[in-house]
Amino acid sequence: MFRARRLLLRLAARPALPPPRARGYAEPAAGPAPMAFTFASPTQVFYNGANVKQVDVPTLTGSFGILASHVPTLQVLKPGVVTVYAEDGTATKYFVSSGSVTVHADSTVQVLAEEAVTMDMLDLATAKSNLEKAVSEMATASDEAAKAEAQIKVEANEALVKALE
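For the sequence shown, position 24 matches number 102 in the numbering used here, and the numbering has no gaps at all.
It is worth saying that the hints were derived from the structure and are not from the lab.
Don't take each hint at face value.
[Claimed, not checked] No more than 27 Å apart at the CA atoms, straight line, and that leaves these computed lysine-lysine pairs for BS3-like: (1) Lys225 / Lys206; (2) Lys231 / Lys206; (3) Lys131 / Lys156; (4) Lys171 / Lys156; (5) Lys231 / Lys131; (6) Lys131 / Lys206.
[Claimed, not checked] Quick list of simulated restraints, FRET-style, between CB atoms: (7) Ser147 / Ser220: 25 to 33 Å; (8) Asp184 / Glu227: 36 to 44 Å; (9) Tyr163 / Leu200: 18 to 26 Å; (10) Asp184 / Ile230: 32 to 40 Å.
Keep in mind it's a predicted model, so treat the numbers as computed, not measured.
In this text, a Cβ means the ideal position worked out from N, Cα and C, and glycines have one as well.
Can you build the whole structure from these sequences, using the hints too?
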């Protein structure tokens, strides 16, 4: 009997547990930070900290798309088309000869190109003609330096023709 009384006294002396709270839904997760995009060449700035939806870039390791909160990376651009998708989904295409793309953890992205032009400034017939000249130069190159320069011209003009077709 004494044991039962002591047990009851101990249980009565303990603070009562708070009543269970009603369970609710989690707060919605914050969306990714907007992507601040900068794209420039030595002669022109195309975007400077602009909010864009997506950027597709051609790199030496392959083409890939960049969205907000993309994993940080540093890549070398190869000749090809950079496509910029605005917030409303419209796409603008640029041809780049080479350069670099840097993606930071804070969703800032920089594309710095040696040469960049909008696709409407290019002509397919001229690109094909330049490709033929470059192939001819490579065939007649006498030393390794001339062959390397001609090879670069061939690769750039092949990318131009492919982008315009």
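How the hints compare with the structure:
1. Lys225 / Lys206: Holds: Lys225 and Lys206 sit about 20 Å apart, inside 27 Å.
2. Lys231 / Lys206: Holds, at roughly 12 Å.
3. Lys131 / Lys156: holds (22 Å)
4. Lys171 / Lys156: holds (15 Å)
5. Lys231 / Lys131: violated (33 Å)
6. Lys131 / Lys206: violated (33 Å)
7. Ser147 / Ser220: 25 to 33 Å: Violated, since Ser147 and Ser220 (Cβ atoms, about 51 Å apart) do not stay within the stated range.
8. Asp184 / Glu227: 36 to 44 Å: holds (39 Å)
9. Tyr163 / Leu200: 18 to 26 Å: holds (20 Å)
10. Asp184 / Ile230: 32 to 40 Å: Cβ of Asp184 to Cβ of Ile230: about 34 Å, so the range 32 to 40 Å holds.
Comparing the model with each earlier hint shows violations of hints 5, 6, 7; every other hint is respected.
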